[in-house]
Each structure stands twice: as structure tokens, then as C-alpha cells.
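S.K.: Spelled out from the first residue to the last, the chains are:
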Amino acid sequence: MARVWTFGDAVNTDDILPGKYAPFMVGEDRFHRYAFAHLRPEFAERVRPGDLLVGGRNWGLGSSREYAPQALKALGVGAVIAKSFARIHYRNLLNLGIPAFTSETVPDALQDGDEVSFDLAAGTVTRGDEIFQLEPPPLFLQEALREGSILEFYRKHGRFPGEAP
Amino acid sequence: MRPPDLAGLTLAERILSVRAGRRVRAGDLVVVDVDQVMVVDSIAPSVIRRIEGDLGGRVRNPERVSFVLDHVAPAANVEVAKAQADARRYARERGFRLFDVGRGICHQVLMEEGLAQPGGVVLGSDSHATTYGAVGCFGTGMGATDIALAAASGKTWLKVPETVAVKLTGTLPAGVSAKDVALSVIRELTADGATYASLELHTPDGFTLSERMTLANLAVEAGAKVGLVPPSGEVRERFSVPEWLVVDSRARYARVVELDLGALEPVVAAPPFVDNVHPLTAFTGVHVDQVFVGTCTNGRLDDLHVVADILRGKRVAEGTRLLVIPASSQVLEAAAADGTLSTLLAAGAVLGTPGCGPCMGRHMGVLAPGEVCVSTSNRNFVGRMGSPEAQIFLASPAVAARAALSGTLTLAEDAALPERAVA
Numbered sequence: 001m002a003r004v005w006t007f008g009d010a011v012n013t014d015d016i017l018p019g020k021y022a023p024f025m026v027g028e029d030r031f032h033r034y035a036f037a038h039l040r041p042e043f044a045e046r047v048r049p050g051d052l053l054v055g056g057r058n059w060g061l062g063s064s065r066e067y068a069p070q071a072l073k074a075l076g077v078g079a080v081i082a083k084s085f086a087r088i089h090y091r092n093l094l095n096l097g098i099p100a101f102t103s104e105t106v107p108d109a110l111q112d113g114d115e116v117s118f119d120l121a122a123g124t125v126t127r128g129d130e131i132f133q134l135e136p137p138p139l140f141l142q143e144a145l146r147e148g149s150i151l152e153f154y155r156k157h158g159r160f161p162g163e164a165p
Numbered sequence: 001m002r003p004p005d006l007a008g009l010t011l012a013e014r015i016l017s018v019r020a021g022r023r024v025r026a027g028d029l030v031v032v033d034v035d036q037v038m039v040v041d042s043i044a045p046s047v048i049r050r051i052e053g054d055l056g057g058r059v060r061n062p063e064r065v066s067f068v069l070d071h072v073a074p075a076a077n078v079e080v081a082k083a084q085a086d087a088r089r090y091a092r093e094r095g096f097r098l099f100d101v102g103r104g105i106c107h108q109v110l111m112e113e114g115l116a117q118p119g120g121v122v123l124g125s126d127s128h129a130t131t132y133g134a135v136g137c138f139g140t141g142m143g144a145t146d147i148a149l150a151a152a153s154g155k156t157w158l159k160v161p162e163t164v165a166v167k168l169t170g171t172l173p174a175g176v177s178a179k180d181v182a183l184s185v186i187r188e189l190t191a192d193g194a195t196y197a198s199l200e201l202h203t204p205d206g207f208t209l210s211e212r213m214t215l216a217n218l219a220v221e222a223g224a225k226v227g228l229v230p231p232s233g234e235v236r237e238r239f240s241v242p243e244w245l246v247v248d249s250r251a252r253y254a255r256v257v258e259l260d261l262g263a264l265e266p267v268v269a270a271p272p273f274v275d276n277v278h279p280l281t282a283f284t285g286v287h288v289d290q291v292f293v294g295t296c297t298n299g300r301l302d303d304l305h306v307v308a309d310i311l312r313g314k315r316v317a318e319g320t321r322l323l324v325i326p327a328s329s330q331v332l333e334a335a336a337a338d339g340t341l342s343t344l345l346a347a348g349a350v351l352g353t354p355g356c357g358p359c360m361g362r363h364m365g366v367l368a369p370g371e372v373c374v375s376t377s378n379r380n381f382v383g384r385m386g387s388p389e390a391q392i393f394l395a396s397p398a399v400a401a402r403a404a405l406s407g408t409l410t411l412a413e414d415a416a417l418p419e420r421a422v423a
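Sequence order for the protein chains is A and B.
Every letter in the first sequence is one number past the one before it in UniProt numbering, and letter 142, counting from 1, is 142.
Every letter in the second sequence is one number past the one before it in UniProt numbering, and letter 414, counting from 1, is 414.
It is worth saying that the hints were derived from the structure and are not from the lab.
All residues carry an ideal CB built from backbone N, CA and C; glycine is no exception.
Each hint should be verified, as a subset may be incorrect.
[Claimed, not checked] Partial list, derived from the structure: chain B residues whose beta carbon lies under 8 Å from chain A:
id, residue
1, K314
2, R379
3, S406
[Stated by the list, open to error] Here are the computed distance ranges between Cβ atoms for each label pair:
id, chain 1, residue 1, chain 2, residue 2, range
4, B, R60, A, E28, 40 to 50 Å
5, A, L120, B, G319, 47 to 57 Å
6, A, L120, B, S387, 16 to 26 Å
7, A, A164, B, R252, 24 to 34 Å
Using the sequences and the hints given, assemble the complete structure.
M.R.: Quick look at the structure:
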């Protein structure tokens with residue numbers, strides 16, 4: 001079972017990983033221990049692989065720092081579901097292969113500490129006998145995600161998804 | 001190739017249509033060539049690892065890649081020093097441009113070096129790459145993976161953004177600056193009001209290049225992908241602007257906001273969000289421990305002039321410190337040559353190496369719990385500049401200088417303000 005961690009609106013990249021704990025400040029092997037260091041200091045210690053982060057509006061606003069989602073990846077976060085995402089962070093999440101889902105209703109339905117199961121392929125979150133359906137990502141991104149990521153797609157095909165061979 | 005039909009397109013659509021070689025509209029996906037890929041020191045290790053580890057080590061156009069060591073410059077600890085040594089070595093080996101410690105802040109440096117041009121596409125590994133929009137260049141920030149892909153392939157994928165147009169009319173009152181305009185625009189739009197969009201900022205022709213940079217720089221704080229200022233005035237005099245890079249009156253905008261410059265007043269973004277914008281007068285009397293003048297938003301020569309004019313012949317208040325970090329070595333040299341630095345030093349300012357300084361809380365100038373900082377920078381998030389219990393107010397250089405002088409947030413007396421005329 002995955003645990004749900006809920007956050008509010010406008011969770012920014014300084015919240016996700018404060019700048020002073022960037023990997024090139026504290027080391028590649030330990031920076032992820034400081035995820036949400038100011039906002040939820042217990043997070044890095046207690047999060048389990050597969051857990052879901054649930055946010056409100058404008059999740060990930062702020063810096064382009066990819067090590068914010070890298071920290072989440074290092075901790076094994078299963079997916080991020082938010083009402084809306086900031087642009088750069090959304091690209092970064094998908095580039096790292098962290099599923100990011102936009103939903104108006106699911107964030108309000110889930111509560112902090114909920115035990116759920118999450119099915120990436122089906123885009124569903126299940127709590128008890130309730131099933132929450134998430135919208136699939138755009139087609140262009142699905143094409144990339146089928147290869148794992150846009151990085152993988154480019155490496156394999158020598159072009160971007162949607163680009164003429 | 002026949003040029004695409006650009007009738008009725010926004011600036012963002014025009015740039016991406018010309019670059020893609022076909023007419024594209026908001027919502028279309030394009031893969032386009034990139035003129036310059038900019039990498040800062042803090043992202044360089046990830047970018048190098050992606051290029052060498054994931055992408056086979058090939059770089060399409062090394063002359064189109066710039067490394068800028070600015071985020072923690074000079075190095076603050078051994079980890080940073082090692083990462084910067086690797087970045088320096090790698091840039092030299094691969095034939096990338098290298099702007100080493102002290103040259104300045106990435107966006108300022110790329111503009112000074114002419115690497116962002118009207119109608120071009122420039123990607124930066126820093127969110128404030130929107131700054132290049134000051135000259136009508138499609139500048140946008142991306143993370144390490146996208147940046148590495150762009151360096152390796154010479155290209156990037158983009159969804160053509162819809163456009164939010166901001167039409168600025170009238171004349172700015174004395175003592176009200178481009179920073180006040182930018183923060184007022186963000187107050188109007190909110191922090192996600194232009195998410196995924198191109199923010200097209202129509203300024204009066206008299207707006208200087210520096211003022212346009214301040215506006216474009218802060219576009220990302222409304223969530224924008226780019227902040228494009230139609231080239232006119234100083235930009236047309238100093239840059240070669242393609243004939244197609246013009247505002248089309250038939251262009252379709254997702255939203256149009258009109259702002260009368262004459263009605264604006266000095267404002268601050270109060271902690272902890274950039275869109276928490278209020279008249280400065282709402283905070284009159286708040287004690288200020290540190291004033292920071294610098295960053296890619298407001299660390300240019302004209303910004304230092306404003307501060308020096310207010311501080312000339314006076315001293316920074318007891319109990320308040322003033323940290324000034326010029327945005328680049330060129331700004332530093334010019335400020336030394338014209339006496340600005342002497343004025344600032346005589347007033348008690350502390351100088352830092354050109355670079356980002358304490359803007360993201362990594363070194364020189366971080367705040368203690370309970371401290372209040374007035375900063376000319378672009379973010380005031382919790383813990384941004386050190387302690388999460390510190391507070392950051394974002395303000396114009398004039399408001400910052402006045403805070404340094406009085407030790408509190410306070411409105412300038414009109415007489416003390418420099419003359420300013422924008423048609």
C-alpha cells in the first residue's frame with residue numbers, strides 16, 4: 001500500500017528541496033535527505049517507495065532545479081497528483097519518469113495518511129472500495145513514456161516524439 | 001523554403017513558426033533548433049552526467065553551449081569547488097563557452113555577449129531565462145535533462161504557448177520603476193496566471209533595455225514560459241530586429257491586461273510569495289536587517305545608479321547592512337569607473353563578487369531566524385535566503401536604498417528621487 005502525503009497550493013521548488021541542500025552543495029549521495037526540510041521535516045525519513053504526493057494549485061513553481069524532482073525520485077515517490085503544475089517542474093517530473101497527473105477533484109478527495117493502491121497503467125488510485133480515475137498524460141508524452149522517458153526516446157530513435165524521422 | 005504565413009500570430013507564434021518553417025499556433029507541438037543552451041554551475045554536474053552517461057557524449061553544436069559559474073561564486077565549500085572544477089574542465093574539453101567565477105550572472109552575461117538575439121531561441125538551466133525576452137528572444141528555463149538533450153541534439157521540443165498580453169500605457173511617475181511595474185503585473189495575474197503562456201509585455205518605446213530585462217525576468221513569476229517584449233526604442237537601436245518580429249493587431253490573445261503606468265506606485269512583494277504584492281505604504285516602519293541590491297532582476301548599472309543617488313553623502317542606518325552585488329564584471333567595472341562604487345562604499349555598502357549572491361540562500365548574505373531582508377531579487381519564498389524564519393520583501397532598487405538609509409521600509413520623499421522620464 002502507498003501512503004498519501006497531502007500538501008497545499010503553491011508548493012515551490014524551494015519547499016521541495018531548499019537551495020542550500022542542492023546536490024552540489026551537500027553531495028550527490030545525501031541531498032535527497034533534505035526533501036521538504038522546511039515544510040515537512042519528517043518527510044524524507046518516513047516516505048516509502050511508491051507513496052503518492054498530492055498537491056493543490058501550481059505545484060512546483062519556482063526554480064528550474066531538476067534536483068527537486070530528483071530528490072523525490074531518489075526517495076521512490078510513486079507519483080504526484082496536483083490541481084495544476086508549474087511548467088518547468090512538470091517537464092522535469094516527466095523527464096525523470098515520475099508520473100504527474102493533473103486533477104481538479106482527486107486532490108480534495110484524498111487525505112494525508114490515506115493508505116491507497118496506485119495503478120500507473122490504468123491511472124487509478126484505490127482507497128478501500130473507492131476508485132479515483134486520473135486523466136492520462138498528453139499523447140506526445142505517452143509516446144515518450146512508452147520508451148521510459150523523452151531521453152530514452154531520443155537515445156533510441158535519434159529524434160523527438162512527434163518529429164519526422 | 002517559403003517563409004510561413006505569419007498573419008494574425010502572436011510574437012511567440014511568429015518566432016516558433018519562423019523557426020519551425022511552418023505556420024504554428026498555440027497548442028501545436030514543435031521541435032526547433034536552439035541558438036544557445038546556457039548551463040549554470042549548480043546544474044552543470046547533472047548536465048554533464050546526462051550528456052556523457054545517457055546521450056553518448058555527442059554534442060551537436062558545442063559553440064552553442066555556454067557554461068556560466070555564477071550561482072555559488074566563488075565556491076563556498078569543497079563540494080562546490082569540485083563541481084566547478086569539473087564544469088570548467090568539461091567546458092574547455094568540449095569547446096563550450098566558459099564564463100568563469102566573477103564574470104557575472106548567466107542572463108546578464110548572455111545578454112552582454114550578444115548570445116540572445118531578437119527572434120532567436122535560447123534555453124537556460126535557470127528559470128529566469130525568460131530575461132532574454134527583453135530583446136524579443138524566445139528565452140525559457142528548463143531542467144537538466146531537457147538542457148542536456150538540447151545540448152546533445154541542438155534542438156528542443158516545445159508546445160507553442162498561448163499568449164497573455166499586458167499593455168502598458170502612460171508615463172511612470174517619479175520614483176516608480178520597472179520593478180514596481182513587474183510586481184504590479186504579477187499582482188494582477190497571480191503566480192499561476194500565465195502558466196504555460198507567453199507573457200507579451202507591450203511597453204512604451206522609451207523603456208530601456210535594462211527595464212525590459214526586469215520585466216521579462218519576472219515573467220516566470222506569473223508562471224510564464226516566456227516573457228516577450230516587442231522590440232522598440234533602445235532595443236531597435238542596439239540590435240538587429242527581423243522585420244517579421246512585430247506585434248500584429250489581429251493576433252489572438254488568451255487574455256489582455258491593460259495597466260496605466262501613471263497610476264502605479266512603489267510596491268513590495270511581501271513574504272512568502274512573489275504575488276503577495278502590496279503598496280509599500282502598507283509596511284511603513286517595518287525594521288530591515290539586510291538590504292540586498294543585485295541579481296538578474298535588478299543588479300545592473302542603472303539600478304546601482306538609483307541606489308547611489310539616494311545614498312550619496314549619507315550613511316546606511318545603524319543596525320542595517322547593505323549588500324551590493326553587481327550583476328556582471330562589466331557592471332562592476334562601469335560602476336567603478338563612474339564613481340558609483342565610491343559613493344556606495346562611502347555610504348557603508350558591502351560589495352560582493354558579480355554573481356547570484358545570496359539570492360537562493362547558498363552563501364554570502366544568508367539570513368538568520370527573525371531577520372528581515374529587502375531584496376531587489378525575484379523570489380521571497382520561505383527559506384529562500386537562509387533561515388525559514390527570516391522574511392524577504394522584494395522591492396525596487398529605490399525602495400531598497402531608502403530602506404538601507406532609514407533602516408525601515410519607507411516611502412521615499414519625492415525630492416530625494418532621481419528624475420525619470422519614460423515617454
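S.K.: Each hint should be assessed against the structure and marked as holding or not.
M.R.: Okay, the hints, checked on the actual structure:
1. K314: With Cβ-Cβ at 34 Å, over 8 Å, it is violated.
2. R379: Because about 7 Å separates R379 (chain B) from the closest Cβ in chain A, which is inside the 8 Å limit, the hint holds.
3. S406: 29 Å, violated
4. B:R60 - A:E28: 40 to 50 Å: 27 Å, violated
5. A:L120 - B:G319: 47 to 57 Å: 56 Å, holds
6. A:L120 - B:S387: 16 to 26 Å: 39 Å, violated
7. A:A164 - B:R252: 24 to 34 Å: 27 Å, holds
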